[in-house]
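Same order as they appear, the protein sequences are chains A and B. Counting along the first sequence from 1, when you hit position 67 you're at 67 in the working numbering, and nothing is skipped either side. Counting along the second sequence from 1, when you hit position 125 you're at 125 in the working numbering, and nothing is skipped either side.
Because the hints were derived from the structure by calculation, they are not lab data. Every residue gets a Cβ at the ideal spot worked out from N, C-alpha and C, and that includes glycine. Treat the hints with caution; some may be incorrect.
Restricting the straight-line Cα-Cα distance to at most 25 Å, the calculated cross-link-like pairs of lysine-lysine (BS3-like) are [stated by the list, open to error]: (1) B:Lys193 x A:Lys52; (2) B:Lys210 x B:Lys39; (3) A:Lys57 x B:Lys111; (4) B:Lys39 x A:Lys86.
DEER-style ranges, computed between Cβ atoms [what the hints assert, rightly or not]: (5) B:Gly156 x A:His110: 37 to 43 Å; (6) A:Ser32 x B:Gly155: 42 to 48 Å; (7) B:Ala258 x A:Asn97: 44 to 50 Å.
Which stretches of chain B does chain A cover? Using the computed rule of at least three CB atoms under 8 Å from a CB of chain A, they are [to be verified]: (8) 25-34; (9) 131-142; (10) 172-186.
As a plain string of letters, each chain reads:
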Amino acid sequence: MQAHLTFDKTIKVFSPEGRLYQVEYAFKAVASCGLTAIAFRGTNCVVACVQKKVPDKLIDPATVTSLYKVTDTIACVLLGSPSDSKMILNRMRYEANNFKYENGYDIPVHVLASKMSGFAQLISQYAFYRTICTTSVLLSIDEEKGPQVFKIDPAGHCQGFKGCTAGAKEQEAMTLLEKAFKKKAQAGGNFSTDEATEAVIETLQNVIGSDFKPGDLEVSVATTTNPVFKLLNPTEVEQYLNKIADKSQLTLTLQYHSLTCLLYTSPSPRDLSTSRMPSSA
Amino acid sequence: TQSTWDQGFVIKMAGSGYDYDVSTLSPEGKIYQVEYAMKATENSSTILGMVCKDGVLLGTEKLIVSEMMVSGSDRRVYSVTKQIGMVITGLLPDGRCLIDRAKEESASFQKQYGIPITGKVLADRIAQFMHMNTIYLWARPYGCNIIIAAFDEFGGPTLHLIDPSGQCFGYFGCAAGKGRQIARNEIEKLGAKNLTCKEAAFNMAKILHKCHEEMKEKKFELEMSWICPETGMTHQMLPKDMQKEMEIRAQETLEKEAMADVQSQIMKNINICLLYTSDAADDTPCVDLGGRRIIKKKK
């Protein structure tokens with residue numbers, strides 16, 4: 001890989017194929033954080049669900065989080081390097097408060113998202129700044145537009161989503177989420193708050209592949225009736241996890257009982273004394 | 001076309017060119033300069049902190065560089081405010097710069113809000129400050145780990161460990177520096193949450209002595225501080241005579257434990273000699289040294 005070795009060392013340099021390698025490496029840095037997050041827009045709600053991993057037994061778990069409040073009605077998921085995430089969070093809070101100070105009303109989430117993506121793009125263009133290795137997902141119930149989910153990546157792309165994923169298992173989670181969404185869309189397409197929360201937790205559990213305990217997840221919900229974000233407490237998370245476990249147990253049981261032994265061949269109808277099972281020759 | 005800036009830089013080493021400055025990410029998404037800064041702290045003096053039932057403890061071991069050094073100089077533990085203490089390890093000048101910054105942050109917080117700064121807020125600010133030095137091309141990361149111990153009415157006793165990347169978590173017990181593995185294991189085993197500061201202080205002295213065992217020949221001294229009811233919940237150094245008494249006790253306990261270890265090792269190694277066969281031993285003229293039977297050759 002000698003050819004592109006020198007083009008990826010600094011941010012201001014394009015490679016001959018027109019790629020910005022430093023920005024691409026920032027995406028890799030986000031994936032290496034090892035956590036996955038899913039954010040989803042229900043009919044009247046927004047839900048965010050992030051994995052929680054406490055790296056050390058001696059760490060106070062209350063100080064480990066990837067879910068933050070920018071304002072009471074705007075939450076964000078920040079994945080990637082923890083210190084870069086704090087920096088982005090501070091910047092978001094500054095932008096939100098400055099907007100309120102200058103304009104007299106709360107910043108709408110799409111304005112905040114576009115300001116933050118502008119900031120990310122600026123960082124990606126100037127050489128003296130390192131690319132910030134954080135993907136942010138902003139969630140809010142907008143006064144005019146209803147539930148909103150925005151994703152901003154290290155390159156500065158900013159898009160609104162019906163549901164989006166971020167982090168280590170971004171791609172797989174997105175595929176599963178799309179499936180769940182399509183299934184529901186065929187059945188009418190309305191996600192109640194409960195259904196949305198359950199879908200999100202279930203998808204995350206399927207992507208990670210192991211059963212969650214309430215302490216492995218952070219789930220935050222806001223609804224149109226109550227747009228202030230609420231972090232679900234462990235009991236509430238456990239209720240959803242149990243619901244999901246019961247559902248999957250039911251499908252497993254049905255599958256089990258519908259298998260018939262492949263070795264069995266029914267005995268000759270005339271000869272009741274012998275069976276034609278291989279073991280009884 | 002390659003820029004002339006890059007021409008001399010094809011050197012095959014660990015970072016392979018991605019590690020010259022902090023504003024460069026490697027293909028795996030790592031920032032090597034920050035990782036190297038963390039290496040700078042790995043071989044330095046051990047620092048540790050513990051949250052106890054009624055307060056917080058901080059401690060560090062200092063290698064005595066020269067016989068001519070005045071005991072108690074080369075301070076590592078500082079008070080930032082009346083109720084916040086900080087201990088540094090790694091590149092000490094960097095650490096002292098951060099302590100100055102912490103004092104400034106505390107003063108400005110007090111001026112702006114009228115109340116003393118809390119441990120969590122201070123730790124967050126210092127972490128962000130250290131992080132700032134990992135983004136710009138013209139700066140280098142701070143090569144030190146710091147532990148901030150605090151007591152305030154909002155959070156109670158708190159402990160935060162900050163590393164060169166600016167990562168900051170709240171801990172029940174933490175350690176950094178050369179002896180961090182030993183220290184962390186001991187702290188986990190100890191369960192300081194259930195001990196008072198006074199009880200835990202002895203254990204801290206013991207842990208610090210244990211961490212130092214590999215370098216027994218080099219002289220060292222301890223610096224320990226606490227925030228507890230005995231100090232009115234302010235950050236103070238441990239009283240000199242109390243510290244001395246604890247260190248003597250700690251050394252004795254460690255020696256006893258070491259003896260017990262050696263004894264159990266000896267017991268394990270006592271095996272019955274495999275050459276021994278009991279009936280041969282009764283038959284004295286036929287047994288040679290080593291238990292070999294002497295077989296009389298037929299003449």
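Results of checking the hints against the structure:
Of the pairs offered as hints, the one joining Lys193 (chain B) and Lys52 (chain A) holds, with about 24 Å between alpha carbons and a cut-off of 25 Å not exceeded. Between Lys210 (chain B) and Lys39 (chain B) the CA atoms are separated by roughly 22 Å; this keeps the pair inside 25 Å, and the hint holds. Between Lys57 (chain A) and Lys111 (chain B) the CA atoms are separated by roughly 37 Å; this puts the pair beyond 25 Å, and the hint is violated. Taking the CA atoms of Lys39 (chain B) and Lys86 (chain A), the gap is about 23 Å. The hint holds against a cut of 25 Å.
For the pair Gly156 (chain B) and His110 (chain A), the beta carbons lie near 40 Å from each other, so the given range of 37 to 43 Å is met. Checked against the hint of 42 to 48 Å, the pair Ser32 (chain A) and Gly155 (chain B) fails, with Cβ atoms roughly 31 Å apart. Remark: the range hint 44 to 50 Å for Ala258 (chain B) to Asn97 (chain A) is contradicted by a beta-carbon distance near 59 Å. Under the rule that three or more residues need a Cβ within less than 8 Å of chain A, the assignment of the stretch 25-34 of chain B holds, with 7 such residues.
Under a criterion of three residues with beta carbons nearer than 8 Å to beta carbons of chain A, the stated coverage of the stretch 131-142 of chain B is upheld, 7 such residues being counted. Here the stretch 172-186 of chain B counts 4 residues with a CB under 8 Å from a CB of chain A, which clears the bar of 3, and the coverage holds.
When held up to the earlier numbered hints, the structure conflicts with 3, 6 and 7 and fits the remainder.
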